[in-house]
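Trainee: The chain contents come next:
There are 4 protein chains.
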Amino acid sequence: MQVSVIGSGAEHEAAAEEIGRLLAERGCVVVTGGLDEVMAAALRGAKAAGGTTLAIVPGELRSEANPWADHVVATGIGHARNLAVVATGDAVIAVGGSWGTLSEIGLAMRLGRPVVILEGGLAVDGVQRAGTPAEAVDAALARLR
Amino acid sequence: MQVSVIGSGAEHEAAAEEIGRLLAERGCVVVTGGLDEVMAAALRGAKAAGGTTLAIVPGELRSEANPWADHVVATGIGHARNLAVVATGDAVIAVGGSWGTLSEIGLAMRLGRPVVILEGGLAVDGVQRAGTPAEAVDAALARLR
Amino acid sequence: MQVSVIGSGAEHEAAAEEIGRLLAERGCVVVTGGLDEVMAAALRGAKAAGGTTLAIVPGELRSEANPWADHVVATGIGHARNLAVVATGDAVIAVGGSWGTLSEIGLAMRLGRPVVILEGGLAVDGVQRAGTPAEAVDAALARLR
Amino acid sequence: MQVSVIGSGAEHEAAAEEIGRLLAERGCVVVTGGLDEVMAAALRGAKAAGGTTLAIVPGELRSEANPWADHVVATGIGHARNLAVVATGDAVIAVGGSWGTLSEIGLAMRLGRPVVILEGGLAVDGVQRAGTPAEAVDAALARLR
Chain A
0 MQVSVIGSGA EHEAAAEEIG RLLAERGCVV VTGGLDEVMA AALRGAKAAG
50 GTTLAIVPGE LRSEANPWAD HVVATGIGHA RNLAVVATGD AVIAVGGSWG
100 TLSEIGLAMR LGRPVVILEG GLAVDGVQRA GTPAEAVDAA LARLR
Chain B
0 MQVSVIGSGA EHEAAAEEIG RLLAERGCVV VTGGLDEVMA AALRGAKAAG
50 GTTLAIVPGE LRSEANPWAD HVVATGIGHA RNLAVVATGD AVIAVGGSWG
100 TLSEIGLAMR LGRPVVILEG GLAVDGVQRA GTPAEAVDAA LARLR
Chain C
0 MQVSVIGSGA EHEAAAEEIG RLLAERGCVV VTGGLDEVMA AALRGAKAAG
50 GTTLAIVPGE LRSEANPWAD HVVATGIGHA RNLAVVATGD AVIAVGGSWG
100 TLSEIGLAMR LGRPVVILEG GLAVDGVQRA GTPAEAVDAA LARLR
Chain D
0 MQVSVIGSGA EHEAAAEEIG RLLAERGCVV VTGGLDEVMA AALRGAKAAG
50 GTTLAIVPGE LRSEANPWAD HVVATGIGHA RNLAVVATGD AVIAVGGSWG
100 TLSEIGLAMR LGRPVVILEG GLAVDGVQRA GTPAEAVDAA LARLR
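Protein chains in written order, with numbering that gives the first Met the number 0: chain A, 0 to 144; chain B, 0 to 144; chain C, 0 to 144; chain D, 0 to 144.
The hints are simulated quantities; they were obtained by calculation from the structure and are not laboratory data.
All of these numbers come straight from a predicted model, not from anything done at the bench.
A hint or two may mislead.
[To be verified] Simulated pairs of lysine to aspartate or glutamate, DMTMM-like, Cα-Cα distance not exceeding 25 Å:
1) C:K46 <-> C:D69
2) A:K46 <-> D:D89
3) C:K46 <-> B:D69
[Unchecked claim] Output of the computed footprint for chain D on chain C, the stretches with three or more beta carbons under 8 Å from beta carbons of chain D:
4) 74-85
5) 129-138
The beta-carbon is built from N, C-alpha and C at its ideal position, and this holds for glycine as well.
Bound-form chain A, shown alone (with noise of 0.2 Å):
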């Protein structure tokens, strides 16, 4: 299973470190954008728990990816990697965010990927909220089964 962790956000980045952790431990490819704050977190967590980590960047060199990543995917395509970060997840967890991040929740519900917010991100009407990492993790999970 892999499940793309979304958003930004200093002040998100124990929650993304969080979710990485736990979607670890349940055995899953964490994949995010590969650059800082909720980015860098979610593969942070994820590698604390032993995990497997993808980061999909932007540009078109490896180096611009977090160090938390075990496999960079160099895009290229700037802003339009943001379809890629999420079709490439099973499933999609969000925490905080700006626009980047609407614009992946957009893209993500527009492939029928299963999507959680965590709370504390942004509103978005339809979309599956979570209180908490544990719960934004068992969410997304049960959506795959």
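The hints should help you fit chains B, C and D onto chain A, whose structure is shown.
Mentor: For chains B, C and D alone, kept in the frame of chain A given last:
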């Protein structure tokens, strides 16, 4: 000036057509994703007013575009063409819409484009709204001065 | 009809300009990647003949395009916009060029577009060649009938 | 180290498999476009040697990848994913191939990636060639030191 009109929903076609017409009357090139409903109606309205229209379609074939497109760009990149649709507009007006439109609003805001949502469309915190097609066009163009 | 002119190299600008002019005289919209050298010269030639021009640029800003573009599509996807450049042409003419041009020839052939290389340009087995700008335009348009 | 293997043609599968195996023995992650023939054989060879494999597919579904992919990135951008395939490799080895492969060689050279073509593959001026799978792997890795 190039203005992108995004959205979907057959019930929003009349509004999209009026927006297309008004934009053309103001001398704007009207840009859409080139498919049906709102994307077709906006171009149809622009053509009815003697305007110029540009369609940016997801597939590899120009023939995918609706018949009101003067010029068609076949991107071949699927939903990732949403980025090109909003990047190509100096401003963006959203009419109705669903998840794809939400992704376009997110990408447009991420790029710093002025975005106006016509009332009756998506609820997105932090994005300007307008009550009528005329007000939407006025609001979008005011932000380009 | 939309015809894409691809290539690079300042020494090929005169040929590209003539190709742009001839395409415009035949009523074709001339499409390029919108930057300098061959991409600029082909659009300049088309405008000199009263034609219509379309630029598909790699970045997120329309202002990246050369001044001879009537309409500009900002794709935001970097070198991946090469796919859009060739998909948007009903036929493709290559003038000079380097690695980016080679990628466009490959993508155009993959999509089944007619491709003609002007002598003096890249050596690619299996792609039609023409000795002069006029012959290149004739050869490209002949394959669209 | 991540090395991308590109190409096509059932007659080149044995060579691709050996290249995948040799790369894995050297500790490289093997990257391909994730579909059949050369793309499958290279990953199969890498897995036979206990290596790690990464597939970057054109569609929106991970299930599109061949069964030898450990991790799959679904880009959703069609042939434009060729850019991601070569950008993701620190070096690129071409085996057999047709127009899509030619586009990848062009993009890889444009990005400045070391590219090695196995003899029997495409003729491209200015790209290093190698006579055997072992020589191709040696040549590619030598350019990463």
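Trainee: All hints are to be evaluated individually against the structure, with a verdict given for each.
Mentor: Outcome of the hint check:
no.: 1; hint: C:K46 <-> C:D69; verdict: 9 Å, holds
no.: 2; hint: A:K46 <-> D:D89; verdict: 23 Å, holds
no.: 3; hint: C:K46 <-> B:D69; verdict: 17 Å, holds
no.: 4; hint: 74-85; verdict: holds (count 6)
no.: 5; hint: 129-138; verdict: violated (count 0)
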